[in-house]
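Novice: Just so you know, the sequences run in chain order A and B. The numbering of the first sequence is numbering that gives the first Met the number 0, which starts it at 0 and goes up by one. The numbering of the second sequence is numbering that gives the first Met the number 0, which starts it at 0 and goes up by one.
Hints were generated in silico from the structure; no laboratory data involved. Keep in mind that this is a model prediction, so the values were computed, not measured. Some hints could be false.
[Stated by the list, open to error] BS3-like mimics (lysine-lysine), calculated; alpha carbons at most 25 Å apart, straight line:
1. 264(A) x 253(A)
2. 370(B) x 39(A)
3. 58(A) x 228(B)
4. 253(A) x 242(A)
5. 39(A) x 58(A)
6. 264(A) x 299(A)
7. 198(B) x 58(A)
8. 264(A) x 297(A)
9. 274(A) x 248(A)
10. 297(A) x 160(A)
11. 242(A) x 160(A)
12. 89(A) x 198(B)
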Amino acid sequence: MSIPIRSLTLNEYLLPGNAACPGCPATMGLRMLGKALEGKYVLVIPACCSTIIEGPYPKSSYGVPVLNIAFAASPSAAAGVKAGFEVLGKRDVHVVVWAGDGGTADIGMASLSGAAERNDDIIYVCYDNEAYMNTGIQRSSATPYAAWTTTTITGKGEHKKNLPMIMAAHGIPYVATASVAYPLDFVAKVRRAASIRGMRYIHLHCPCPTGWRFPSDKTVEVGRLAVQTGLWPLYEIDHGIFKLSDICKPLLDKRNRKPIEEYIKIQGRFSRVSKEQLAELERYVESLWNEIALMIEKSKTSGAAG
Amino acid sequence: MARTEILTGNYAVAYGAKLSRVQVISAYPITPQTSIVEKLDEFVESGELDARYVRVESEHSAMAACIGAAATGARAFTATSSHGLMYMSELVWWAGLGKFPLVMAVVCRALAPPWSIWSEHNDVLAHRDSGWIIFFAEDNQEVLDLIIQSYRICEDERVLQPVMVALDAFILSHTSTPVSIPEQSDVDGYLPPPGSRRKPFILDIENPLTHGNLTYPEYFMEFRYEIEKSMNSARRVIVEAGRRYGEITGRYYDSLVEDYRCSDADVVLVNVGSSSGDAKEAVDLLRDEGYRVGLLKLRAIRPFPFEDLRRICDGKRYIGVFDRNYSFGYGGILHCEVSSALSGIKVPVQGFVGGLGGRDVTVDNYVNIFKTLIDMADRGVEPKPPLWVGLREVV
Ligand code: SF4
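This is chain B alone, in the form it adopts within the complex (with noise of 0.2 Å):
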C-alpha cells in the first residue's frame, strides 16, 4: 500500500530518487535545491539506498560525474538550481548531446544580479535546446512522480536522453503538502533493473567503442538527427509511462499537457509549473460567474507538445500564455514559442510575464489575465507587447 507523507517539493524528488534505486549521485549544494542533496545523504548514509555519492567540488563536475556514471550503464542522478545550472551548462549539453540517460532535478530560481533565490524559469528555458526532455511540475506530488516516470522514459530505448524535472523555489521546493509515495515493490516492477541498460554506449574494454570524438560534417548532422528521432519517439514514450504509473498509482498521466476545463472554453490560458493550481482556481471563479475560460498546462516543453496544443486551442477566441521568465528584447519564451507552434491556425496569442523572481503570482492576477483575455476578444484587438503582470509601477 502506498503511503502519504507531508513532504517538501525537496523531499518528494529526495523519495522519487530512492524509489527508483538510482546507483550514482553526484551533487553540488545550491539554494534552494540543497535539502535534496541532504536528504539523499541521509538515504545513502543510513544504508536505504543501496547508491554511490559522488560529492562533488562544484555543478560543472556534478554533471561530468552523472555522464560518467551513465556511460558505464549505471542510473545516475543530481539536482540543481539556477547558477547552479549555469555553471554545469557545459556538461548539461554534452549530457543532452551525447544521449546520456539521467535524470536531473532542477529547482527553477532566478539568475542575479540582483541575488534572488526564489522562482523563475529562465535557468531551465535556457537550456531548452540541449538534448534535454524538460518536465514542469504543479505540485509535490507531480514531483515525485515525475522522478519515477522519467526513468523510465529516459532508458527507454526509443529515448536515451536525459530528463529534467523543474519544480518552483520555494513554492514548491520547501513547501510541505501531503504527497502518496508509492510502494517500492510498485516502482520495482515499473522501472527497468537499474544498470541493465546496454544502450546507446557503455563502456566495456570486451567491446571497446569511443563516444564523443571528432566528428566531420560527413556524419555530424546524423548524430543531431539521432536526437530528434528521440524526441519524437518521447512524445509517445512519456504518455505511455504515464499511464503504466497510472495501473500502479492511480495517478494517470496521460497527455504531454493537461487540459482544465478547455473544451467549451472560449478564452485558453497557457502556463506551466507550480501557478497552474492558482490559474485553475480563477478558472474555477470565472466559471461560475458564467465565463467560459480554460487553462492548458504544458507539462513537458521539450519535447513540444504541438498537436495538443493546436488541438486545443484551435477554434479559440483567444489565447493567452503566462511566462514566468523572459527574453529581453523579444518576449516571454513560452510565448514565442506556443504562438509559432499556432501558426496557421487564426487564433490570436497574447503573453503575459510575471512571477519573476519569485513575484507572487495570485489568484487575482489570474483573473485579471483571464478577464484581459476576455475583453480583448470581445473588442477583437490585436495582441499586444507581452503585459507585464504585477509590475509595482505599471507603464
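Extracted from the complex, chain A is given alone in its bound form (with noise of 0.2 Å):
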C-alpha cells in the first residue's frame, strides 16, 4: 500500500519552533499524522518527549487540542474522551494517543490491555525510542538487547518486548508496525487505521540521535537500517489477516538483509556489542522472521487475501 505524496495536505499540526532535539523522530511522526488524519483529531499524551516537544504553557506546538494525562493513563482517558464524544454526538473526530515505549510497553501496558480488550474506537501510536528518553535514555522493556542505556551501563540482557503482536493476540482489529523512516507507509497506515472502528495500534519506530548516540541528520539512515536489517519488519494485522508490508517483502529472503553490523556500527549505544551478543542479535532476527512466513503462510491458508 502506497500514497503519493501530492495526496497529503500542505496543512501542518506540527507547528515550527518546538522543544523537540534536532533530528527528532517523534516530530517527524507527529507531523505525518497530522497530515494523514488532516488536524481531524484530538491528542491525548502521557508523560513522554511528545509533552516537553509541546512546549510550556501559554504555549503549544501541537495544532490539535491535547489532553495531557497520567503517565499510566492514555488508553483510558482516551477511552473516556472517546465516550464523551459519543454521547456528545461528535463522532467525526479521531481520538489519538500518542505516547512513547514507557508509558505504552510499560507502565501503561495494564491500561493498554484493558482498552483493546474492551475495542475501545481509539488509535493508539506507540512512538518507540527505545527507552525512556524524557528522563535521560534509561531501559524500558523496549530497548533491544546489547543497548546501553544509562540503566544497562554494559548493555540489555534481554530482548526487546514484542509489543505489536501483544496487542494482534488481544484480537483488535488493526495492529501495524511502521518507522519514521518510511513516511508515507505510515500515513498509509494511519488512514488505514482511521478507516475502521475499534481499538488500532500502530507501533511507529523512532530512531532517537539524542538516546541512540547517533549525528542528528543520520535518523532516517538510522530508521531505515533497522528495517533493511531487518530488526524492524513493517507489517499489518488487518483484522486477524497479516500483511507484510511491500517495503519488506524482499526481506523474507535473508540474503536481501542488511547486515547488522551496519546498523550497529552508527549507533553508540551499541559501541561496546561483543561478537556473542551480534550472534544473538542475528539470532533474534532469523526467529522473527521464521515467525513472520509462519505468519504469512497461516494467513494464506486462512483462506483470506494476503
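From the two separate chains plus the hints, produce the assembled complex.
Specialist: This is how it looks when you write it as C-alpha cells:
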C-alpha cells in the first residue's frame, strides 16, 4: 500500500519552533500523523518526550486539542474522551493516543491491554524510541538487546518486548508497525487505521539521535537500516490477516537483509557490543522472520487475501 | 411527586447519579462500593439511563476515563472505596488539579493491613489536598441529595472542581432506610443540561487548546491560585445549591455545617459522617438530664467551613472533635484541622479517636465523650493527647 506524497495536505499540525532535539523522530511522526488525519483528531499524551515537544504553557506546538495525562493513564483517558464525544454526538473526531514506549510497553501496559480488550474506539500510536528518553535514556522493556542505556551500562540483557504481537493477541481490528524513516507507509497505515472502528494500534519505530548516540542528521538513515537489517519488520495485522508491507517483502529472503553490523556501528549505544551479543541479535532477527513467514502462511491458509 | 423507597446508601448513590443524567460512567468494583456500579449497570443496560459505561480494568483507569469524558464536556461519574481510591489516587489529583468537574462517591473503608472492609475515613482524608470538594453524608437521604447537588456545584462556572461524596462503609452503603426520590423533571430543572458545560476546558478541534502541558515557575502558581479561588467561591455556591435544592424537595442544605443544639451549648462536639446520628441522640439524652451540649456536624471538609466553625465554637467552654481516622504520630486529622481553624479563639479542643475499621461507635460512647468534655471543662484541665474511644485495652 502506498500513497502519493501529493495527496497529503499542505496544512501543518505540528508547528515550527517546538522544543524537540534536533533530528527528533517523534516530531517527524507527529507531522505525518497530522497530515494523515488532516487535523480531525485530538491527542491524548502521557508523560513522554512529546509533552516537552508540545512546549510550555501558554504555548503549544500542536495544532490540535491536547489532553495531557498521567504516565499510565493515556489509553483509559482516551476511552473516556471517546465516550464523551459519543454521548455528545461528535462522531467525526479521532481520539489518538500518542505515547512513548515506556508509557506503552511498561507503565501503561495494563491500561492499554484494558482498552484493547474492550476494543475502545481509539487510535493508539506508540512512538518507540527504545528507552525512557524524556528522563535521560533509561532502559525500557522496548530497549533492544545489548543496547547501552544509563540503567544498562554494560548492555541490556533481554530482548525487546514484542508489543505489536501482544496487541495482536488481543484480537483488535488493526495492528501495524511503521517507521519514521518510511513516512508515506506510516501515513497509509494511519489512514487505514482511521477507516476502521475499534482499537487500532500502530507501533512507530523512532530512532532517537539523543538516546541512541548518532548524529542528528542520520535519523532516517538509522531508521531505514533498522528495517533493512530485518530488526524492525513492517507489517499490518488487519482484522487478523497478517500483511507484510511492500518495503519488507524482499527481506523474507535473508540474503536481501543488510548485515546487522551496519545498523549497530553507527550508533553509540551499541559501541561495546561483543561478538556473542551480535550473534544473539542475528539469532533474534532470524526467529523474528521465521515467525513472520509462519504468519504469512497462516493468513494464506485461512483463506483470506494476504 | 417525589416517591419514597427503601434504599441502601449505595442505591441512593446510583439513583442520585441517574437523576443527574450522568453521561459517562467509568468504574471498577470494590467492596463495599460494588452495588453502586452494579445498579448503574442495570440502569444503563435497561435503557433507564442514557449513558456510556466504560468498564475499566482498574480504578486508575476509571478516574482517567472520567477525566477524559469531563474533558469533552460530558457529565462523568465514578465511585470507589479504600484501596480503590488509593490506587486511583494519582488521577484523583489530576482531576482536582486539572479542574475537571465530575462527581465521585467514596464508600469510606479502612486501608490494609490488616484487611478490613469496614468504615474509616483515612482513604478520603488522604485526598483532602487534591483540589476536590469533599462532602460527608450522614444518612442515605443525604447521600442521594448530595450527589445531585454536587453536579450543580461542580459545573458552576465559579467552581469547576470535582466533588467527592463520602459515605460510611456498611453503616450507610449496605443499610436500607427510606429515601425520598425527587421527580426527574424537578432535577432536570435544577441541574444544567448535561453536556452543556463549555469551561474550563473542552476538547474541540475548532478551538484547539492544550490542557496540562508543562508550565514554568513563572505561571505555575496562578494555576494553583485558581483552584483556591474556586474553593472559596464554592462555599457560597454550596449554600446556594443547597437552598435551591430545598425549594424543589423541601430538604434545605443551606450551610456547610449542621448545627445541632449548639446555640446555647457549653460544650460542642465536632463530627462528620454517619455516626452523627448517634451523636445527636447522645445530645438529646444529655439535654434531658440538663447538660447543655451540642453537635456540630461538618458536611463539607473541603472547602473547610472556617467561618461557621469559628462562629459556633466561639465562647464555648470546651470543644471536642471525634475522628474516625488517624494521622500517626500526630492525632486525628479533623482534630488537627479544627484546632488550627479555632486558633485565636480562646477555647480548648480535645480530640477523640474511634470507630476505626468499623468499630462500633455507640450512643453510649458519645455520652461518655460529652461527659468527659464537661468534666474537663469543670475541672479546667488542658486538652490531652487524643483519647481513643472503645479500645479493648484502655491504657
Ligand atoms: S530524546 Fe529523542 S525522541 Fe525525545 S525529543 Fe529528543 S530526539 Fe526526540
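Novice: Compare the structure with each hint and give your call.
Specialist: Checked hints:
{"no.": "1", "hint": "264(A) x 253(A)", "result": "holds, 20 Å"}
{"no.": "2", "hint": "370(B) x 39(A)", "result": "violated, 68 Å"}
{"no.": "3", "hint": "58(A) x 228(B)", "result": "holds, 24 Å"}
{"no.": "4", "hint": "253(A) x 242(A)", "result": "holds, 18 Å"}
{"no.": "5", "hint": "39(A) x 58(A)", "result": "holds, 20 Å"}
{"no.": "6", "hint": "264(A) x 299(A)", "result": "violated, 38 Å"}
{"no.": "7", "hint": "198(B) x 58(A)", "result": "holds, 19 Å"}
{"no.": "8", "hint": "264(A) x 297(A)", "result": "violated, 36 Å"}
{"no.": "9", "hint": "274(A) x 248(A)", "result": "violated, 28 Å"}
{"no.": "10", "hint": "297(A) x 160(A)", "result": "holds, 23 Å"}
{"no.": "11", "hint": "242(A) x 160(A)", "result": "holds, 21 Å"}
{"no.": "12", "hint": "89(A) x 198(B)", "result": "holds, 17 Å"}
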